[in-house]
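Novice: Each chain, letter by letter, is given below.
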Amino acid sequence: MAETREIDRIADLWALLDGVPDPEIPVISVVDLGIVRDIREQPDGSVTVIITPTYTGCPATLLIEQMIREALESDASLRFTIRTELSPAWTTDWISEKGKQALKEYGIAPPQPGERDVPCPRCGTTDVECISQFGSTPCKALYKCRQCLEPFDHFKCI
Amino acid sequence: MAKAENNKYSKTIQSAVAEYALRLGDNSLILGQRLGEWTGHSAAVEIDMALSNMALDLIGQAQHFLGLAGEMEGKHRDADALAFTRDAHEFRNFWLVEQANGDFARTIARQFLFSTWQKPMLGELANSTNETLAAVAEKAVKEVSYHQSYARDWMLRLGGGTEESHHRLQRALDDLWGYTGEMFAGNGVDDMLVAEGISVDPAALESGWTIEVDAVLAEAGLTKPAVERMTSGGLKGHHSEHLGHLLAEMQFLQRAYPGLEW
Ligand SMILES: [Zn+2]
Numbered sequence: 016m017a018e019t020r021e022i023d024r025i026a027d028l029w030a031l032l033d034g035v036p037d038p039e040i041p042v043i044s045v046v047d048l049g050i051v052r053d054i055r056e057q058p059d060g061s062v063t064v065i066i067t068p069t070y071t072g073c074p075a076t077l078l079i080e081q082m083i084r085e086a087l088e089s090d091a092s093l094r095f096t097i098r099t100e101l102s103p104a105w106t107t108d109w110i111s112e113k114g115k116q117a118l119k120e121y122g123i124a125p126p127q128p129g130e131r132d133v134p135c136p137r138c139g140t141t142d143v144e145c146i147s148q149f150g151s152t153p154c155k156a157l158y159k160c161r162q163c164l165e166p167f168d169h170f171k172c173i
Numbered sequence: 191m192a193k194a195e196n197n198k199y200s201k202t203i204q205s206a207v208a209e210y211a212l213r214l215g216d217n218s219l220i221l222g223q224r225l226g227e228w229t230g231h232s233a234a235v236e237i238d239m240a241l242s243n244m245a246l247d248l249i250g251q252a253q254h255f256l257g258l259a260g261e262m263e264g265k266h267r268d269a270d271a272l273a274f275t276r277d278a279h280e281f282r283n284f285w286l287v288e289q290a291n292g293d294f295a296r297t298i299a300r301q302f303l304f305s306t307w308q309k310p311m312l313g314e315l316a317n318s319t320n321e322t323l324a325a326v327a328e329k330a331v332k333e334v335s336y337h338q339s340y341a342r343d344w345m346l347r348l349g350g351g352t353e354e355s356h357h358r359l360q361r362a363l364d365d366l367w368g369y370t371g372e373m374f375a376g377n378g379v380d381d382m383l384v385a386e387g388i389s390v391d392p393a394a395l396e397s398g399w400t401i402e403v404d405a406v407l408a409e410a411g412l413t414k415p416a417v418e419r420m421t422s423g424g425l426k427g428h429h430s431e432h433l434g435h436l437l438a439e440m441q442f443l444q445r446a447y448p449g450l451e452w
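Here the protein sequences line up with chains A and U, keeping their order. So in the working numbering, the last spot in the first sequence is 173, and the numbers never skip. So in the working numbering, the last spot in the second sequence is 452, and the numbers never skip.
So that you can see chain U by itself, here it is in the shape it has in the complex (with noise of 0.2 angstroms):
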C-alpha cells in the first residue's frame, strides 16, 4: 500500500516497524482467535453474533498489522506465513489477550481490559507518521468503538446483575489482573518509535485507561483487584502455556498441508 514511504527508513528503524507491527497483529490475532473460539457455543444467539463479529474484526486488523511486519522484515513472510508458522515463542502479544475463555464473564472481562486499552492507542496510532499504521489505525479505531462499548455494557449487566454473575465477573478481574500492567510497559523499540512519531508511548495510555476501568468497577459494584506484581513477557516472546495450545489448534493446517487454499 504504502511501500515507498516505509521503505525510506533506516535498518534499525525498520526493523523496530516490524516488532511493533508483529505485537499489534498478534494481539489482534490471539484475541480475534479466542473470541472466534465462542462461535457456535455462546449462551444466546445475540453473544454470538457480537463475539464472532468483533472477531472477524480484529482478524481483520491483524491481517493489515501483520503484512506490514513482513514488509518490514523483509524475509518474504507475509499475514498468513507470519501467523501460521511461527512458534509461541516468536509471537509478541500479551498475556492477557492468550488466556483461555473460561466464562462468559472471564471473555468479556478480558475484552472490556483489552478495549478499553487498544481504543485510545488506535486513536493515538491514527497520527502515526508511519502511513500504514495511520490507516489501518484510523480505520480500526471505529469498530474498536463497538467493542469497547459492547464489553461495557456487559461489565455493568454481569457485575450489577446476580449474586452468581456479580461474583463470576469479580473472580475473573481478579485473575486478569495481574496481565493488564504489560499494556503499559513497552521496552526499546517503543523508545525509538515513538520518538520518530511512528508509535504510541504506551506509559502514556494508563492514566486514561485507569480513569475508565475504575469508572466502570465503581459502577457495576466491583472491587479493583490489588496486585502485588505484575506478569510480562509477550514483548520478549514468553508465554502461558495457554499460547500453545491455541497456535497447536490455529495453524494445524496449514502445518500439515503447507499452503493449502479453501
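Here chain A stands alone, though its shape is the one from the complex (with noise of 0.2 angstroms):
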C-alpha cells in the first residue's frame, strides 16, 4: 500500500511540474522539453529532482529551476532537492510527442533530424530556407518557408 502511495505521489509531483512553462517559449511544459529527468523518492522521504539545461549558456537555466523550485514549494509537505545534471546531455529527442505538437501549434518547427525537410509550421511544405542557423533564443534557428513566405522558427537538433 505504502508503494503504491509513494508512486502516486510521484506521479503527482511531474504533474506538477507539467504545469511549469518555459520561460521562453510557454506554450511546452519543462517536462515536455525534457529538461526535468527524473524525480526520485529518498529513503528519508524527501525527494530528489534532476534537471538537465538545454543549452550550456542558456540564461533560461536560473529562471527554470526557480519555476520549478516555486512549484514544488507550493506543496508545503514537501522537502525537496534539485540537482542539475548534465550528463547525459540533452537532446530534442526528449521533447515529447505533446511536446512537439505544441511547438507545432505555435509556430515552431519542431526539430527535424539532421535539419532536412524541415516542414513549414503553417503550410507544410518543405520548400523553405535557412536564413540564419542562430535564432532569438539559443535552441532556435531562423528559417523562412518559399511558399507561404512566412518566416518561422525551427527548434534546433542537438
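To be clear, the hints were calculated from the coordinates, so they are not data collected in a lab. Hints may contain errors.
[Claimed, not checked] Simulated crosslink set (EDC-like; lysine to aspartate or glutamate; CA at most 20 angstroms straight-line): (1) LYS198(U) / GLU263(U); (2) LYS414(U) / GLU396(U); (3) LYS159(A) / ASP343(U); (4) LYS159(A) / ASP238(U); (5) LYS159(A) / GLU120(A); (6) LYS426(U) / ASP391(U); (7) LYS159(A) / GLU236(U); (8) LYS115(A) / ASP33(A).
[As the list claims (entries may be wrong)] Beyond 12 angstroms from chain U on every Cβ pair, some chain A residues (computed): (9) LEU31; (10) ILE40; (11) PRO41; (12) SER44; (13) PRO58; (14) GLY60; (15) VAL62; (16) ALA86; (17) SER89; (18) ALA91; (19) LYS113; (20) LYS119; (21) GLU120; (22) THR141.
[To be verified] The calculated label-pair distances, taken between Cβ atoms and stated as ranges, are: (23) ARG137(A) / SER205(U): 53 to 59 angstroms; (24) GLY423(U) / ILE22(A): 58 to 64 angstroms; (25) GLU386(U) / ARG94(A): 36 to 42 angstroms; (26) ASP277(U) / ARG84(A): 32 to 38 angstroms; (27) GLY423(U) / GLY122(A): 49 to 55 angstroms; (28) PRO38(A) / VAL417(U): 46 to 52 angstroms; (29) VAL235(U) / ASP59(A): 48 to 54 angstroms; (30) VAL417(U) / GLU144(A): 37 to 43 angstroms.
Think of the CB as a built atom: it goes at the ideal place given N, C-alpha and C, for glycine as much as any other residue.
Reconstruct the complex from the two isolated chains, following the hints.
Specialist: In C-alpha cells form, the structure reads like this:
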C-alpha cells in the first residue's frame, strides 16, 4: 500500500511540474521539453528532482530552476532538492510528442533530424530556406517558407 | 556535481586538472567576451543573434570549466571569482582568442580557426576519465558544431565574395595565423593528464585541424599563410596587450563593487 502511495506521489509531482512552462516558449512545459529528467524518492521521504539545461549558456536555466522550486514549494509538506546534471547531455529527442505538437501549433517547427525537410509550421511545405542557424534564443534557428513566404523558427536538433 | 570523483586525485594531478580546466575555461570566457562585444553592433540582426548566441554558449562552458578549476585548486574561488578577480598574467587562454574583433572578417577567421580546433577537442574530451570534464564536453560539443559550421560558411562566403571581402579575410588570416601553433603545443600539464586519460593530447589534434582548414581555404580561394615562427605564451600567463583591455572592461563592476549581484 505504501508503495502505491509513493508512486501516486511521484506521478502527482510529474503532473505538477508539467504545469511549469518554459519561460521562453510558454506553450511547452519543462517536462515536455525534457528539462526535468527524473523525480526520485529518497529513503528519508524527501524527493530529488533532476534537471538538465538545454544549452550550456542558456540564460533561462536559472529562471527555470526557480520556477520549478516555486512549483514544488506549493506543497508545504514536501521536502525536496533540485539537482542539475549535465550528463547525459540534453537532446531534442527528449521533447515529448505532446511537446512537439505544441511547438508546431505555436508556429515553431519541431526538431527535424539532420535539419532536413524542415516543414513550414503554417502550410506544411518543405520548400523552405534557413536564414540563420542562430535565432532569437539559443535553441532556435530562423527559417523562411518559400511558399507562404512567412518566416518561422525551427527548434534546432542537438 | 562529481565531487567524490574529483577528489580522488593526488595533489599533483589535482593541481594539473585545475590548470587544465582553467585553460579550457579561459579560452571560452575570453572568446565569449569578445563575441559579446558584437551584440548590438553587427551589420545584420541575424549576425548579431548568431554572435551573441555563440558568446552565450562559450560563457556557459566557461562557468562549468572554471567551476571545476576552482574546486580542484581548493582556494575557495568559484567561477565568478576566477573570471572577475584574476589579473592578465593568471589567465591561461590562447593568444588567438584575446585578439581584438577588428572587422567581421577578422572575427570570422578567429572563430573558424578556434572552433575547428575546439570541436574535435571537445569530442575527445567527452571520453575523459574525469566525470565533470566529460559531461561538459559531451554537452558543449553539440553547440560548438554549430559555431564551426557557421564560421565555415562565412569563410566560404567572404573568401568567394567580393574583392573587398576576400582581401579582408585574407588579411585577417595572415594576421592571426601565427597564433594557431599554440593550440597544439601543450606543456607538462598535458603530459601528466594525457597519461591519466583526463585530458586531450593537443598535438594529436593538429592533423585533423590542418585537413579541415586546408580544405576550407582551398574552397574559399584563400592562400594559406606561411609563418616562420608561431607566437605563444598563454599557457604561461604571457599575453598580448589586448587581454588587459578586455579584462579592464569585463572585470570593472566586480573590481569596483566586489560581490555585487544583479
Ligand atoms: Zn509555409
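Novice: Now look at each hint and say whether the structure bears it out.
Specialist: Do the hints match the structure? See the list:
no. : hint                                      : in the structure
1   : LYS198(U) / GLU263(U)                     : holds (14 angstroms)
2   : LYS414(U) / GLU396(U)                     : holds (15 angstroms)
3   : LYS159(A) / ASP343(U)                     : holds (18 angstroms)
4   : LYS159(A) / ASP238(U)                     : holds (18 angstroms)
5   : LYS159(A) / GLU120(A)                     : holds (17 angstroms)
6   : LYS426(U) / ASP391(U)                     : holds (18 angstroms)
7   : LYS159(A) / GLU236(U)                     : holds (13 angstroms)
8   : LYS115(A) / ASP33(A)                      : holds (14 angstroms)
9   : LEU31                                     : holds (25 angstroms)
10  : ILE40                                     : holds (16 angstroms)
11  : PRO41                                     : holds (20 angstroms)
12  : SER44                                     : holds (22 angstroms)
13  : PRO58                                     : holds (19 angstroms)
14  : GLY60                                     : holds (24 angstroms)
15  : VAL62                                     : holds (19 angstroms)
16  : ALA86                                     : holds (23 angstroms)
17  : SER89                                     : holds (26 angstroms)
18  : ALA91                                     : holds (28 angstroms)
19  : LYS113                                    : holds (24 angstroms)
20  : LYS119                                    : holds (22 angstroms)
21  : GLU120                                    : holds (24 angstroms)
22  : THR141                                    : holds (20 angstroms)
23  : ARG137(A) / SER205(U): 53 to 59 angstroms : holds (57 angstroms)
24  : GLY423(U) / ILE22(A): 58 to 64 angstroms  : holds (60 angstroms)
25  : GLU386(U) / ARG94(A): 36 to 42 angstroms  : holds (39 angstroms)
26  : ASP277(U) / ARG84(A): 32 to 38 angstroms  : holds (37 angstroms)
27  : GLY423(U) / GLY122(A): 49 to 55 angstroms : holds (50 angstroms)
28  : PRO38(A) / VAL417(U): 46 to 52 angstroms  : holds (48 angstroms)
29  : VAL235(U) / ASP59(A): 48 to 54 angstroms  : holds (52 angstroms)
30  : VAL417(U) / GLU144(A): 37 to 43 angstroms : holds (39 angstroms)
The structure shown violates none of the earlier numbered hints.
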